[in-house]
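Sequence order for the protein chains is S and Y.
In case it helps, this note's numbering puts the first sequence at residues 676 to 1102.
In case it helps, this note's numbering puts the second sequence at residues 676 to 1102.
Any given hint could turn out to be false.
Since copy identity is lost for identical chains, a pair holds within one copy or between any two.
Claimed, not checked - Distance condition first, Cα-Cα at most 30 Å in a straight line; then the derived DSBU-like pairs of lysine-lysine:
id, residue 1, residue 2
1, K1086, K946
2, K1041, K974
3, K946, K1091
4, K1040, K974
5, K933, K974
Because the hints were derived from the structure by calculation, they are not lab data.
Here the structure is a predicted model, which means the values were calculated and not measured.
Number of protein chains: 2
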Amino acid sequence: MSSSATVEIINFGDELLVGIRANAHLEYLGAELARFGLPVQRARVICDSPDEIRAAFSEAMTRSDLVIMTGGLGPTADDLTRETIAEVLGAELIHDADVEAAIKEYFRVIDRPMAAHHRRQCFVLKGGEVLPNERGTAPGLYYQTKGKTLVLLPGPTQELRPMFERELVPRLRRDGFLRDAASFVQVRTSGCGESSIEACLQDIIAAEPDLQVAFCAHYGIVDVRLSSREGHLDAADLERISRAVAEECGDHFFCFGKGSLAEVVHYELRKMGRTLAVAESCTGGMLSDAFTNISGASKTFIGGIVCYSNEVKVSQVDVPESILMQHGAVSPECAIAMAAGVAEQLGSHYGLSVTGFAGPEGGDKKNPVGTMHLGYHSPVGVWSKTVRYTGGRLDVKARAVHAALDWMRRKLLKYKAEEQGACGGLN
Amino acid sequence: MSSSATVEIINFGDELLVGIRANAHLEYLGAELARFGLPVQRARVICDSPDEIRAAFSEAMTRSDLVIMTGGLGPTADDLTRETIAEVLGAELIHDADVEAAIKEYFRVIDRPMAAHHRRQCFVLKGGEVLPNERGTAPGLYYQTKGKTLVLLPGPTQELRPMFERELVPRLRRDGFLRDAASFVQVRTSGCGESSIEACLQDIIAAEPDLQVAFCAHYGIVDVRLSSREGHLDAADLERISRAVAEECGDHFFCFGKGSLAEVVHYELRKMGRTLAVAESCTGGMLSDAFTNISGASKTFIGGIVCYSNEVKVSQVDVPESILMQHGAVSPECAIAMAAGVAEQLGSHYGLSVTGFAGPEGGDKKNPVGTMHLGYHSPVGVWSKTVRYTGGRLDVKARAVHAALDWMRRKLLKYKAEEQGACGGLN
Chain S
676 MSSSATVEII NFGDELLVGI RANAHLEYLG AELARFGLPV QRARVICDSP
726 DEIRAAFSEA MTRSDLVIMT GGLGPTADDL TRETIAEVLG AELIHDADVE
776 AAIKEYFRVI DRPMAAHHRR QCFVLKGGEV LPNERGTAPG LYYQTKGKTL
826 VLLPGPTQEL RPMFERELVP RLRRDGFLRD AASFVQVRTS GCGESSIEAC
876 LQDIIAAEPD LQVAFCAHYG IVDVRLSSRE GHLDAADLER ISRAVAEECG
926 DHFFCFGKGS LAEVVHYELR KMGRTLAVAE SCTGGMLSDA FTNISGASKT
976 FIGGIVCYSN EVKVSQVDVP ESILMQHGAV SPECAIAMAA GVAEQLGSHY
1026 GLSVTGFAGP EGGDKKNPVG TMHLGYHSPV GVWSKTVRYT GGRLDVKARA
1076 VHAALDWMRR KLLKYKAEEQ GACGGLN
Chain Y
676 MSSSATVEII NFGDELLVGI RANAHLEYLG AELARFGLPV QRARVICDSP
726 DEIRAAFSEA MTRSDLVIMT GGLGPTADDL TRETIAEVLG AELIHDADVE
776 AAIKEYFRVI DRPMAAHHRR QCFVLKGGEV LPNERGTAPG LYYQTKGKTL
826 VLLPGPTQEL RPMFERELVP RLRRDGFLRD AASFVQVRTS GCGESSIEAC
876 LQDIIAAEPD LQVAFCAHYG IVDVRLSSRE GHLDAADLER ISRAVAEECG
926 DHFFCFGKGS LAEVVHYELR KMGRTLAVAE SCTGGMLSDA FTNISGASKT
976 FIGGIVCYSN EVKVSQVDVP ESILMQHGAV SPECAIAMAA GVAEQLGSHY
1026 GLSVTGFAGP EGGDKKNPVG TMHLGYHSPV GVWSKTVRYT GGRLDVKARA
1076 VHAALDWMRR KLLKYKAEEQ GACGGLN
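Generate coordinates for the entire structure from the input sequences, incorporating the hints supplied.
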């Protein structure tokens, strides 16, 4: 199987079609496969009906080399994948004693009896390889027929991911689907619009006829994705081009790959041996959360205060009552007091704060809904910045968090030398 | 057009296929259309290539009545939707003076010149209705041909959502696609496994031959989705059945629809006129964030402290150093001290806390990675609870947040009468 195999993902689940949940499996599988040089070309979500499963599966097996299906392997009556696939393939479902033993062992460990309906899960496609499920009851399957490869994975995230890593990746590698280098490179930028970024990259793009460039904008971040249209650019070429792109983007560039703005701030602080605390009003914990998603965050991030009420702003981060009275809680003055106050209270070198109206209620003439004031305290001074966004409450929160992180990132880069002096240096 | 129209959504964007972003558009559009009685049957994600656009679009127009496509309408060279669709339909792209005027006005307001590449966005399919874009430059389109309806929406979330609400919904209603009642009902439960929930609903399911039931489990929550297989059950029937399902689920039931555990806790507190503060270590702001995603959260949620370091646990939430020394920061004793301390410090009636090891690093023999201790302080006492999860760092955080919210919800229901007495009641 060549590394230019076409890959299609089919996710089952009504809940993905009627807006109950986002499709995290596609995000995960897409990222993992791309990392191994196998980008997904097509994906679809279908409801749990045998007709839809039959149609989607037949079509996918016709036009794609590798078809990965997720979900529908559970013990409940709406889990119909196994039976429907067997019917389409004309393959037999046979009882697998090892699978039954594994399911029994699973229930023994969690100290519950194995219910009768789990017996359905012991049947697998004859001629396929069973992918053991170490975190649940539904086994996965790897099945090859007429030059096509079919993979069935269970729906729950905590079962799918370990099975993908431990069971599926080795088989895909064995059968020649995976390469070691990524087939695309991503350059992340923040604080500049999509078409401006494209405009400044015109010369680079024009010089590389086989270069495919895609832009993706979200919450103030613009990602530039570089890949080879016809495969004439190898990993080293893409690396070279991505460096040129990053240079052209200047201060807007913040990392290659999937790293977050919080990670960039964290690594900068870590290099300097400095710590950060945050104070949040309207973003309500989302800024703290961005840091604590980083494994090892405790080396730079010591904590945060969500001062949602005015009383908590006064009692926990020492915002002077006079500021609240004169300027209000949604003001540059309050943002600065919060940033300086939280750094002082928690004993960190840096403080970062957000206060504003996330909507849909609140806001006034001076500060309409969507207005956010950011505050920044560093060893060499304090600053404020005001931003304004449209959109729903969660969108405004997410944009404000990105804005605060990007602002701190730029300040850190600009004042780094000065601040190391002010803190007494590292050596 | 009957209300049983088949609906298909096509999302463009390489970033959705290689794991850079989750498909939030599908989640949003699916939820909105289902709310109006028009559940989506099929969805697919394709990359920005003319061949893929052509294939997916032709197929969708053959088998679905309404096809909604998102993305690919931007000004950059990788935005190919408009041109490819026109080619497939054999339709003409014509310059629209109103669209050009709107784009010029957009740039006038944000005080930037209109760049030459935005001129492409002024071309629309001849015979279609333009959907004005009040938040950006790319207009949407509503186009009917041979009994089929095609909708083009722009990719950025902040442009797509207002256009959907203000421009698309009225047209879909005019053309008979939308009903006023939802075609499915969701019953949300927490704290009980998927197959146990199914088992306890057997009698209800058996009594309704036309009832379609789907289960969806994520992070400790199991949603039960009820719909009518053949359309014999109307909204009143689904409502009646959903009430019976909720009753059968007992304490595990927490709400109908899309509400969150945080919302249930918020509404309970609001009814009692009580307030809450939270202290978080490993969940790092995610618990606070769950509350502040609720508009009007400030009526019950006064704030939170992210005490990531031991120093902050001592200085900000008054965890006694003796507890840290004897039991450690990851212990039931510390969780209780955090819950009581944050309520005391911030002046709330209730305190809720989480401390644990989210992984992948950390953990010890007594508290392996994934161990979380929850603490709860109420007017009538303090409690702790220990939970343990497998999975990645973000999964463990999300499960711990759900566990803490569900635990507080159950405690509130159990002790409500008693606590109202202890606080002096509301009247």
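| task | Using 30 Å as the alpha carbon limit, work out where K1086 and K946 are close: within a copy, between copies, both or neither. | result | within (15 Å within a copy, 45 Å between copies)
| K933 and K974: within-copy, between-copy, both or neither at 30 Å Cα | Answer is within; shortest intra-copy Cα gap is 21 Å, inter-copy 38 Å.
| field | Up to 30 Å CA-CA - K1091 versus K946, copy category | value | Answer is within: at 11 Å inside a copy they meet the 30 Å cutoff, but 51 Å across does not.
| query | With identical chains treated as interchangeable, where does the CA-CA distance between K1040 and K974 reach 30 Å or less: within a copy, between copies, both, or neither? | reply | This pair counts as between: shortest inter-copy Cα distance 23 Å, intra-copy 42 Å.
| task | Go through the copies and call it for K1041 and K974: within, between, both or neither, with a Cα cutoff of 30 Å. | result | between (39 Å within a copy, 23 Å between copies)
Figure legend: structure checked against the earlier numbered hints; every hint is met.
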